[in-house]
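Participant: Just so you know, the protein sequences line up as chains A and B, in that order.
According to my numbering, the first sequence holds residues 1 to 234 in order.
According to my numbering, the second sequence holds residues 1 to 252 in order.
Quick caveat, the hints were computed from the structure, so don't treat them as lab data.
Where is the CB? At the ideal position from N, CA and C, for every residue including glycine.
Among these hints, one or two may not hold up.
Said to hold, decoys possible - Some but not every residue of chain B turned toward chain A, in silico, with C-beta under 7 Å:
no., residue
1, P14
2, I101
3, G141
4, S145
For reference, the chains in residue letters:
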Amino acid sequence: MPLIEAKNLSKSYGAIRAVHAVSFSVDRGEVVGFLGPNGAGKSTTMKMLTGHLRADEGTAVIAGFDIADQSVQAKQHLGYSPEGAPAYGEMTVREFLRFAADLRGLANPAESVRKTLELCRLGEVAAQTIDTLSKGYRMRVGFAQAVIHDPEVLILDEPTDGLDPNQKFEVRRILKEMAARKAVIVSTHILEEVGELCTRVIVIAKGEVRCDESRDKFLARGSDLNAVFRQLTA
Amino acid sequence: MSSSEQPSSPGLKPFVAILRREFAGYFRTPLAYVFLAVFNAFAVSLAFFVGGLYESRVASLDRFFLYLPWLWAFLAPAAGARLWAEERRQGTIELLLTWPITVWQVALGKFLAAWLFLACALLMTLPIALTVGYLGDPDWGVIASGYVGSLLCAGACLGIAAIASALTRSQVIAFVTGFLACFVLVLVGYGVFDDLLTGLLGPAAVDEFRRLGLWRNLEPFTLGLIDARPTAYFLTVAFAGLGLSTIIVERR
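Just chain A, with the same shape it has in the complex (with noise of 0.2 Å):
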């Protein structure tokens, strides 16, 4: 059974098509790079996956729970970060670890929360108030409230937008160690992104999947990736 299926998502704002007839399924340890200029849809598709927006047609499967009428459970079994890493500013990363910890009913909250500060390198900044915090380290406080409860689906939209290299690399270290046990998707539209971090490339344009296929068949393509993705999404 993949851990996430997206089954035919479809999704307007008003005459507008964001996201057609978007059909994909992902299986525990792979990490699926989602592919896309701005305004492609990948967002739109992931708050379709997370269960923020309905979808107007179609359903995503978490874990064989259906994200609209399971919703609880299937959340139950998903991690996700949204765009640009939202939190409560006023609060401390700790407050604000251990109020996610509680809201996901995790039987031991303070423990889950020290090893997430743990395992996201937040120790230093625990009592600090997340408005205070630079940006590489906000991004990381999105990505720990993803991963406290350990899930077995993880979606993460544009994770390493906006840091530095060694940021970007520190995230994808996490990442890296934990990725065999899930199904991760991460949208980027860093291509270089992909060959280091993910094992299947998903291209999505005006909507619609224009190329699902490995990481390896997709670095095949060609050695110049910037024309690939121009010649894909075009």
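Start from chain A and add chain B according to the hints.
Facilitator: Showing chain B alone in chain A's frame:
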């Protein structure tokens, strides 16, 4: 971390977490203390200087409760503006809607926290009741029912404020729309629209219309009567507002 940490049965934990975070949220900024101080100053000044509580030489708080709907019309939208608008602005609504908790649990937790905050404001006016008790011999039952009515009235204003907050990402717009809507409900109770309505609908309809206002429903409480009809009125407005705002959030 292991998968064994998957929640078994979260029960009330998530709901309590929301309630606690929201309530504490009011006191994270100095704004809450400013509002509490303003509310208190106005509640007491209106009762003494406009209502003539002291000059009346009657040991009763009806002149104090009389002006509370005006204050709720202001304070409830101020407390309620952040309910959803702030979540939208910060983008955290996306977290709330993708965490394993229903929108209804979130909405109820937020609403009760705001109501509790307003209850704190009301509680801070207790010295005025004690003063009346010191100076005279008031009917404490009447005072208690006045407080109950005022709290219910606050809930009704908060219900309206919740709708306003669900509709926008700007706290300022949420506050102003909420305030205007509550303000109209206060005016209705005072019969401001009576002349207009008598011409349109006849005098019988006017009295019914007045019953839709806040003051008409609070009045019996200040006389020591806890009636079913005004109680139902306040609770209906409060929970209809809560329900409608939740549906708005869910549909977006």
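Participant: Hints numbered earlier in the text: which of these fail when held up against the supplied structure?
Facilitator: 3 and 4
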